[in-house]
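Use the sequences and the hints to build the structure in full.
Okay, here's what each chain looks like letter by letter:
There are 2 protein chains.
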Amino acid sequence: MGLATETFFLDPDAAGTLQARIQAMVAQGILSGRFRPGERMPSSRALARHLGVSRMTVTLAYTDLVADDYLIARGRSGYFVSDTAPQPSGHVPAPREDRVDWQRALQPVPAPAPRVERPADWRRYRFPFIYGQTDPTLFDHANWRLCALRALGQRDFDAMTADHYERDDPRLVDFIARHSLPRRGILAGPDEILVTMGAQNALWLTAQVLLGPDRHALIEDPAYPPLREILHQSGARVRPVPVDAQGLPVEGLPVADVAFVTPSHHCPTSATLPLERRRALLDHAARHDMLVVEDDYEFEMSFLGPPAPALKSLDRDGRVIHVGSFSKSLFPGLRLGYLVGSKPFIDAARALRSTTLRHPPGQIQRTAAYFLELGHYDALIKRMSRAYRRRREVMDAAVAHHGLDVAGRGSFGGSSLWMRAPGLDAAALAADLRVKSVMIEPGAPFFADPAQGRETYRLAYSSIPEDRIAEGVARIAAAIDARRPGP
Amino acid sequence: MGLATETFFLDPDAAGTLQARIQAMVAQGILSGRFRPGERMPSSRALARHLGVSRMTVTLAYTDLVADDYLIARGRSGYFVSDTAPQPSGHVPAPREDRVDWQRALQPVPAPAPRVERPADWRRYRFPFIYGQTDPTLFDHANWRLCALRALGQRDFDAMTADHYERDDPRLVDFIARHSLPRRGILAGPDEILVTMGAQNALWLTAQVLLGPDRHALIEDPAYPPLREILHQSGARVRPVPVDAQGLPVEGLPVADVAFVTPSHHCPTSATLPLERRRALLDHAARHDMLVVEDDYEFEMSFLGPPAPALKSLDRDGRVIHVGSFSKSLFPGLRLGYLVGSKPFIDAARALRSTTLRHPPGQIQRTAAYFLELGHYDALIKRMSRAYRRRREVMDAAVAHHGLDVAGRGSFGGSSLWMRAPGLDAAALAADLRVKSVMIEPGAPFFADPAQGRETYRLAYSSIPEDRIAEGVARIAAAIDARRPGP
Numbered sequence: 001m002g003l004a005t006e007t008f009f010l011d012p013d014a015a016g017t018l019q020a021r022i023q024a025m026v027a028q029g030i031l032s033g034r035f036r037p038g039e040r041m042p043s044s045r046a047l048a049r050h051l052g053v054s055r056m057t058v059t060l061a062y063t064d065l066v067a068d069d070y071l072i073a074r075g076r077s078g079y080f081v082s083d084t085a086p087q088p089s090g091h092v093p094a095p096r097e098d099r100v101d102w103q104r105a106l107q108p109v110p111a112p113a114p115r116v117e118r119p120a121d122w123r124r125y126r127f128p129f130i131y132g133q134t135d136p137t138l139f140d141h142a143n144w145r146l147c148a149l150r151a152l153g154q155r156d157f158d159a160m161t162a163d164h165y166e167r168d169d170p171r172l173v174d175f176i177a178r179h180s181l182p183r184r185g186i187l188a189g190p191d192e193i194l195v196t197m198g199a200q201n202a203l204w205l206t207a208q209v210l211l212g213p214d215r216h217a218l219i220e221d222p223a224y225p226p227l228r229e230i231l232h233q234s235g236a237r238v239r240p241v242p243v244d245a246q247g248l249p250v251e252g253l254p255v256a257d258v259a260f261v262t263p264s265h266h267c268p269t270s271a272t273l274p275l276e277r278r279r280a281l282l283d284h285a286a287r288h289d290m291l292v293v294e295d296d297y298e299f300e301m302s303f304l305g306p307p308a309p310a311l312k313s314l315d316r317d318g319r320v321i322h323v324g325s326f327s328k329s330l331f332p333g334l335r336l337g338y339l340v341g342s343k344p345f346i347d348a349a350r351a352l353r354s355t356t357l358r359h360p361p362g363q364i365q366r367t368a369a370y371f372l373e374l375g376h377y378d379a380l381i382k383r384m385s386r387a388y389r390r391r392r393e394v395m396d397a398a399v400a401h402h403g404l405d406v407a408g409r410g411s412f413g414g415s416s417l418w419m420r421a422p423g424l425d426a427a428a429l430a431a432d433l434r435v436k437s438v439m440i441e442p443g444a445p446f447f448a449d450p451a452q453g454r455e456t457y458r459l460a461y462s463s464i465p466e467d468r469i470a471e472g473v474a475r476i477a478a479a480i481d482a483r484r485p486g487p
Numbered sequence: 001m002g003l004a005t006e007t008f009f010l011d012p013d014a015a016g017t018l019q020a021r022i023q024a025m026v027a028q029g030i031l032s033g034r035f036r037p038g039e040r041m042p043s044s045r046a047l048a049r050h051l052g053v054s055r056m057t058v059t060l061a062y063t064d065l066v067a068d069d070y071l072i073a074r075g076r077s078g079y080f081v082s083d084t085a086p087q088p089s090g091h092v093p094a095p096r097e098d099r100v101d102w103q104r105a106l107q108p109v110p111a112p113a114p115r116v117e118r119p120a121d122w123r124r125y126r127f128p129f130i131y132g133q134t135d136p137t138l139f140d141h142a143n144w145r146l147c148a149l150r151a152l153g154q155r156d157f158d159a160m161t162a163d164h165y166e167r168d169d170p171r172l173v174d175f176i177a178r179h180s181l182p183r184r185g186i187l188a189g190p191d192e193i194l195v196t197m198g199a200q201n202a203l204w205l206t207a208q209v210l211l212g213p214d215r216h217a218l219i220e221d222p223a224y225p226p227l228r229e230i231l232h233q234s235g236a237r238v239r240p241v242p243v244d245a246q247g248l249p250v251e252g253l254p255v256a257d258v259a260f261v262t263p264s265h266h267c268p269t270s271a272t273l274p275l276e277r278r279r280a281l282l283d284h285a286a287r288h289d290m291l292v293v294e295d296d297y298e299f300e301m302s303f304l305g306p307p308a309p310a311l312k313s314l315d316r317d318g319r320v321i322h323v324g325s326f327s328k329s330l331f332p333g334l335r336l337g338y339l340v341g342s343k344p345f346i347d348a349a350r351a352l353r354s355t356t357l358r359h360p361p362g363q364i365q366r367t368a369a370y371f372l373e374l375g376h377y378d379a380l381i382k383r384m385s386r387a388y389r390r391r392r393e394v395m396d397a398a399v400a401h402h403g404l405d406v407a408g409r410g411s412f413g414g415s416s417l418w419m420r421a422p423g424l425d426a427a428a429l430a431a432d433l434r435v436k437s438v439m440i441e442p443g444a445p446f447f448a449d450p451a452q453g454r455e456t457y458r459l460a461y462s463s464i465p466e467d468r469i470a471e472g473v474a475r476i477a478a479a480i481d482a483r484r485p486g487p
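The listed protein sequences correspond, in order, to chains U and L. Quick note on our numbering: the first sequence kicks off at 1 and runs consecutively. Quick note on our numbering: the second sequence kicks off at 1 and runs consecutively.
Keep in mind that the hints were calculated from the coordinates and are not lab data. Take the hints with a grain of salt, since some may be wrong.
Looking from chain L toward chain U, a few residues come up when the C-beta cut is under 10 Å (computed) [stated by the list, open to error]: (1) Phe80; (2) Asp83; (3) Leu211; (4) Ile364.
C-beta atoms are modelled at their ideal positions from N, C-alpha and C, and glycine is treated no differently.
Next comes the structure, spelled out in structure tokens:
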């Protein structure tokens, strides 16, 4: 590959002769790793014209660079970066000294929340009990490609390329309104729906338009760690409410402006909020003029029974804001989700979305719309549900066989078990297990006080093949035994 | 198409017999437009099982709905929504009464900035002097599709599907570092680059991490209207600085924490900031410990001469934050741009991006990386530049021929002329011209005080075919004459 002439600039502030400055520029490009061995330099004629210097100056510079083995000459083909050129010393060094006091210049931000561990190379582990990632053996990659290809067609040129400012893809919104939401018992019109960059973006927009330093928010404890980060970033006073085996207890629930809940599958315990609690929660909200934000992630994974209708389906007052996501059912790298709520709220969230990023890319909105419209999504959910059901059976059996301590599991389904290892530090257990090619997720990051989650961990079955579950659970049981003091 | 059984829910709070509630549910679905003429109802057996009622109850409900012409029975095929069913009355009515005081519930936000007008059907106009949209006759749609297809391949499954939290596509970042930035004279390592959802998202992230109510910001006047919205949203005190024919005047420039500038092509006048002013601006920034945010949009459109190196290329102190975008060169619906700056700044912007939306979708990052790597991008820029150069020549000639008043034009290129219609209201002129199938953009929204831009308008040549320019400009001249008082 030839290096583009346009990427060469003489430093206007550098000292030295023109020839020396050209040599320095080339050597610096090689030492910084920008020009790589074997790459062809511009011809001396082209570079001279571009820099506005004589050709002889460039030729002399090149000749000196050959002498120093930065370049080699290959007869008529020109000059190339030498294979034995001095090695770049790591990353590109910035040719400057930073004189900015960044600590002063940057706005203060809350410390980032602890993360659920997931190394980039998790697919290399044989027993990945890892949550929320796409299983290539289940995902319908072929039809996704076909839908993407269709969305890239001439007829959809405007849907892909145009700047839509505040508008979403009408086909995607129509599908959500007519098919996705009715499955949750929700009726909503197009102006009560906003497409977002995944559920994370939906929760962030919601927190920004509803919360501020003068507001109070409730969050389940444990909860999805990024949500805690989002709420703290809003400046609101955040109060964690410990959940029990049925999810958020409503009796004695504090009063606040907004409560963030996961009624369908509590994150991370998978508990389902019973109908009486849902009604009580809405009564409590009505009595104290509260809003309720329902993160309805993973409702599609209800293979053990029909999912309970969404909390939003019981909402008569417009108090519930519903967050949906395609991350679990399609794939998280897609970054598509949606918000459902009263028009004034959706309008405010739309305006904020527009200021921060305008709109989710047209191309992926249209691809998703086709995938949904053509029924591939429903077929995918069925396939995933069948596989998860079998995995869940094997999980339940293996966990029971080894007497592991289950702290929570979804009565409708879900994709993980919530576990406890009494007396042990789950983070240390996870470290032990990695050496055995087993990956589990320590639960501490889900808790407002991580120490409270020290003994907990999550075992997801969305990415581990069915036939490896038994062996994986056996290894977990063995690792727990090894950590326990002997008799 | 059959209506999915799972989308039917009985309202647990409704009164009446089971049969009446089923009838109401179906009628409501039709009246709300959710069930459409010709769609097949679930079989009475399936619906009865799903709702947990007797099959006879459903059959009786269906029979009554046929009598009311909501449904028709087609022998063995089952029941369908009647073609002559009562018409839905507009949008889906929400079956509730909103009891939320949204004005109290929503955080106060500044009023949205006025927008540059661009109706959705602008492509139907014969003479669209419209800015920043993709010209299908220039864009390399075929190769974009091929690159998208490759990014959808099995080998890139993880790049597309995985949740990357904070990380960007390394291939895209590498290309930006090794090829895009050097063309602007900028050397930066991967940890000094952040991929964003377009330039808008880059500017928003920058404003959020650098500004707050305790900070002062400078903005050019006129300027890109969404930037004004972004700065006001940050809570900072914003001071507009009037530009002249050479862009931002540095002499007498106020002191502030951050200055937002467009040195390559001032938006919207296209003025290029001369080298002396760039140096003076950096000196001013160093003296007063200011940061400078450089929006380097449209640098690729420098077909009249090589572009001036970016302001960032002169930055020795790490004070300049550079914003790049693929919206003008690829397409705005892509939503891809990038930030370049010192690592502490990039780290802060990355953390904020992660909280708000995690990362731009993997699929579009990888597609763009391939399009760039394979050289299609450079070829596209060359093609666009050739076309724009020709269009610009025709523009300049037509504008001169009719004696129109040019208030600014890019000396290196650009894709628009900045115009003035002395004594006229450009918004009224634009309205006159729409009737003549000519679309121009009134300039008022670019100004801090819109009244100051009353006579200005923008004439872009990025979307109008070369052979329509002369006639389009003639119509503009005629409309101006028609508005001027006779002699």
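Each hint tested on the structure:
{"no.": "1", "hint": "Phe80", "in the structure": "violated, 17 Å"}
{"no.": "2", "hint": "Asp83", "in the structure": "violated, 18 Å"}
{"no.": "3", "hint": "Leu211", "in the structure": "holds, 7 Å"}
{"no.": "4", "hint": "Ile364", "in the structure": "holds, 5 Å"}
When held up to the earlier numbered hints, the structure conflicts with 1 and 2 and fits the remainder.
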